[in-house]
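Use these hints to put chain B with the ligand onto chain A, whose structure you have.
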Amino acid sequence: MKKVAVVGVGQTKFSGPQDKTQVELFAEAATDAIEGSNLKPKDIKALFLGNALGDFEEGQGMIASYAAENIGCMYVPTNRYEGACASASMAVRDAFMWVASGYYDIVLAGGIERAATMGTGMATRTFAMFSDSRYEFPSGITFPGVFAMLTYLYSKTYNVPLDKLREQMAKVSIQSYKHGSINPRAQFFGKNADMTVEKVLGSFVVCTPLTLHDCCPFSDGAAAVVLASEEVAKKLTKKPVYITGTGQSSSGPLINQKDFLPRIRSREISSQQAYKMAGRKPDDIDVCELHDCFSIATLIASESLGFFEYGKSGEAWEKGEADIGGKVAVNPSGGLKAKGHPIGATGAGQVYEVARQLRGEMEPDNQVPDAKIGMTDTLGGDCATIVNMILERGW
Amino acid sequence: MEQKLYFKDYNEALKQNKLLGLKCRACGTITIPPKMACRQCGSPDMQVTEVKTDGKIVTFTTIFVGAEGRENEVPYTVVIVELEEGPWLMGNLEGIDPKAASIELIGKKVKMSTKVFPGDKYSPGETASPVFSLVN
Ligand SMILES: [Zn+2]
Chain A
1 MKKVAVVGVG QTKFSGPQDK TQVELFAEAA TDAIEGSNLK PKDIKALFLG NALGDFEEGQ
61 GMIASYAAEN IGCMYVPTNR YEGACASASM AVRDAFMWVA SGYYDIVLAG GIERAATMGT
121 GMATRTFAMF SDSRYEFPSG ITFPGVFAML TYLYSKTYNV PLDKLREQMA KVSIQSYKHG
181 SINPRAQFFG KNADMTVEKV LGSFVVCTPL TLHDCCPFSD GAAAVVLASE EVAKKLTKKP
241 VYITGTGQSS SGPLINQKDF LPRIRSREIS SQQAYKMAGR KPDDIDVCEL HDCFSIATLI
301 ASESLGFFEY GKSGEAWEKG EADIGGKVAV NPSGGLKAKG HPIGATGAGQ VYEVARQLRG
361 EMEPDNQVPD AKIGMTDTLG GDCATIVNMI LERGW
Chain B
1001 MEQKLYFKDY NEALKQNKLL GLKCRACGTI TIPPKMACRQ CGSPDMQVTE VKTDGKIVTF
1061 TTIFVGAEGR ENEVPYTVVI VELEEGPWLM GNLEGIDPKA ASIELIGKKV KMSTKVFPGD
1121 KYSPGETASP VFSLVN
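Same order as they appear, the protein sequences are chains A and B. Under the working numbering, the first residue of the first sequence is numbered 1, with each subsequent residue one higher. Under the working numbering, the first residue of the second sequence is numbered 1001, with each subsequent residue one higher.
To be clear, the hints were calculated from the coordinates, so they are not data collected in a lab.
Cβ pair distances, simulated, as ranges:
no. : chain 1 : residue 1 : chain 2 : residue 2 : range
1   : B       : Gly1119   : A       : Asp365    : 45 to 51 Å
2   : A       : Ser133    : B       : Pro1044   : 20 to 26 Å
3   : A       : Gly202    : B       : Lys1111   : 32 to 38 Å
4   : B       : Gln1040   : A       : Gly306    : 24 to 30 Å
Bear in mind the structure is a predicted one, so any value in this text is a computation, not a measurement. Every residue gets a Cβ at the ideal spot worked out from N, C-alpha and C, and that includes glycine.
Pulled out of the complex, with its shape left as it was, chain A reads as follows:
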């Protein structure tokens, strides 16, 4: 396998409902990524694009081909990836595979979504399509409902009293809001820096025990990354960020994950694949952008990734061990909670953040000092699709 580098990244501001089309959103992010790579659209050999719900958001299918043509990448093969909220990470991982294989030397990957534009009712309905439509949705289960059920299960399994757990979860949201408030491309830029435990616990109940501030927003946005082989990357940039490990795993309906929940077995498998390929272990990771679609999801993810012991990660947030300066800096971008979650773009947005961390390009208060090794973690559906990537400085 060839070494594969991220040579350029781009991202729109993640936001609430806005007027640009998905193709237009992607074009902004992609053109920034291509120009930032010192490349031209004609240099791109293929486009791999995450887009989960474009059919419902704009009545648009097969969007990858339109997205490529729009930015001047003519006649290249284009693949759309749908793995719910993990769509873009699947696209980036497959782009990595194609470049690693030697078949293509330069591939554009990314994602787009206009989930916020759909409005809460339609977004809630379409997100629920990622639960089992025959055996789960008839009960009225929603996406936050899945993580709400995992919250109670977590409390019971690890014997963390619910009140204590909810306070720990609130601290997860507070940390994310703090970072998101100074990230100019975050949905909650300039907002919620003054969040308190009381405000989180006292906000509107979405589904017990999760409140509004436990939940990520619906978002519009796009992100893009250019991947290149090592030999090409060395000609393009002095700061290639190598993808040194990847993993991906899947599961069936939530009810069939009974032997492990609230542990996410597919995440344990996926992250172990990534660690093994990179020759790294959890302690080596300086910064991780992980899938915090809900505050409880953050705690569960950080345990499956091996950063903290099962049932103990809430204490890490209380002590600042999951913040910049702690054991591992989790979501210094603000994460899905504060940066936003345009689902089909989210994974590429995580790669965007980790690449900028390793290059030292973050806003000063969100920069992890001397970050050398980073990781992404993206979850789709009822914990049914997981993708992990490890990225490292190439200089």
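Coordinates of chain B with the ligand only, in the frame set by chain A:
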């Protein structure tokens, strides 16, 4: 290879409050809902069996924000129930005040009946869904 039990037949039985599962000849595990391969060992060598519906609550949530088309159902309580024979089922808990549902529910014994979700414009038809109630 044909699947031993399809959604259609599982669904029709469930409407009659009859819960069908698949018992694995290789490992004895009961698989619900129906699928081609045993959820435990992956063997397709399973036979249809009627499964006892007694179980206890594993977890739950009361939902206040519903999907488009189902907004008028809120608040309602969704539960996962572990059946005595092993599998988990997702359904609703009725006969309680959803707003008063608390973590004390976990571990409580329940019995099952069913309701029919009529489906919406995205569904291929109606679907039976378990409805649980507490056993005193
Ligand atoms: Zn078996």
